[in-house]
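As given, the protein sequences belong to chains A and B, one line each in that order. Take -2 as the starting number for the first sequence in my numbering and just add one per residue. Take -2 as the starting number for the second sequence in my numbering and just add one per residue.
Just to be clear, a hint being listed does not mean it is correct.
[Unchecked claim] Under 8 Å between C-beta atoms, here's a sample of chain B residues computed to sit facing chain A:
| hint | residue |
| --- | --- |
| 1 | 134 |
| 2 | 150 |
| 3 | 227 |
Honestly, the hints are just simulated from the structure, not real lab data. Values in this document were obtained by computation on a predicted structure and should not be read as measured data. Ideal Cβ placement from N, Cα and C applies to all residues, glycine included.
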Amino acid sequence: MAAAIEFRQVNKWFGKLHVLVDVTLGVAPGEVVVVCGPSGSGKSTLIRCVNALERIQSGEIVVLGDSITSPRMNLTRLRTQVGMVFQSFNLFPHMTALENIMLAPMKVRNAPREDAEKTARALLLRVGIPDKAGNYPANLSGGQQQRVAIARALAMQPKIMLFDEPTSALDPEMINEVLEVMTDLAKSGMTMMVVTHEMGFARRVAHRVIFMDGGQVIEEADPETFFASPKSDRSRQFLSKILSH
Amino acid sequence: MSYQFKWSVLWSGQSGYWLLQGLITTLELSALAWLLAVALGILSGALRTVPFRPLRAAATFYVEFFRNVPLLVWMFFWYFGVPPLLPRGVQDWLFDHGAEFWAGMFALGVYHGARMSEVIRSGIQSIPRTQFEASVAMGLSVWQAYRLVILPIALRLIVPPITNESLNLLKNSSVALTISVAELTFQTRQIETYTARAIEALTAGTLIYLVLCVSIAWVMSSLERRYAIPGLIARVGGAG
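Can you make the complete structure from the sequences, with help from the hints?
Given below as structure tokens:
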């Protein structure tokens, strides 16, 4: 089967800083890939390339069969097929939870209000907070905000979901409620790229773990192999640091 | 002190009528100029933050050009400078239809638009960039992201400085008397000329400006409370 996401010899610089170095990588449809690595390793930049929030300087990225690095690519089409969840939630503070979820279907797809609202309520139910529809983001806990953000991304019925450290800004007691939603999503067959330090999640849910350092993919393996016997020194070092506490 | 106040000069003769006419002209001039200023301010303030360099440059040019020339010079420019550049017929029509009013309106609007632009730009730049990213990541165009997310948030944040700027605009409408727009200050001076009662005339003008400005400030602060973003803007007296 054709890959859902393919990186071919991708290079990216921020000024003089070489942030992605010859990255070649494929993600199969329905696959859950966890990307980990020390801070500054390029893992966030990597997934931000998938929905063209970041542009690359050389190489090619193919998403769902379309080259997104060609000048003729349709940005809106790409971004409605690829949902993204951010570390800082990024709910729109002047809209209720429900309005946040309804915005893109109504404005990008021109969905009628009733349909958008029905979908939005169903999604709030799916992420476990149907009673928070009328709340503004400021009146939701971090975990609830992130679950609304996931529902908002799902409202466009994307084929791929990107998660950029979705639990890093959360208090510890709220991390699990978000991970549970992500686990359900993974079980439903969603193609996912997840940047996270939650190694428990990686172990339980991921089909593959990718370890990055210095803008390069250093190691990729199934979680069992990766955690039991990491091949490179750098991944061993990284794991010893984050698993020791 | 031997000065005898004679407040009746304000309602005897034509004074009352003049004051009323002046007030109406000031309100018309300021309201139209305010609409122009807000439109130009939002447009250029937003353009100064978009990811297209030529648009940013054009907006920067507008702001720096119009805010760095004195308002009085703009008044003269639009009144004495611009009409001769127009076709004869248009000129005649303009001078038959209150050219000084429209020149004053443009001068006030473009000058304060340039100043409001900076307020709006700073409002937009106080919003985390990730809000914009989240908007476009869900498929909104840059235009939609600004219209539906960035500007609605920014405009709520900048009500206090925009109030300031709006009051300045109202007060600066008095500069239009230099191109003989018969606004409030013009009329108080006319009363003074006819009655030789400077204190009374100026007091009337002062009080009217004061009442207008306090009312606008009150309306703006009710708007601020009405549209406050829950949790984002601390409300006066709120416990957070």
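Exercise. Would the stated hint for residue 150 of chain B survive a check requiring a Cβ distance to chain A of less than 8 Å?
Worked result: holds (6 Å)
### Message
Would the hint on residue 134 of chain B be counted as holding, given a Cβ-Cβ threshold of 8 Å to chain A?
### Response
Hint holds; residue 134 of chain B Cβ to chain A Cβ min 4 Å, cut 8 Å.
Per-residue hint verdict: residue 227 of chain B, partner chain A, C-beta under 8 Å
holds (4 Å)
No hint from the list above goes unmet by this structure.
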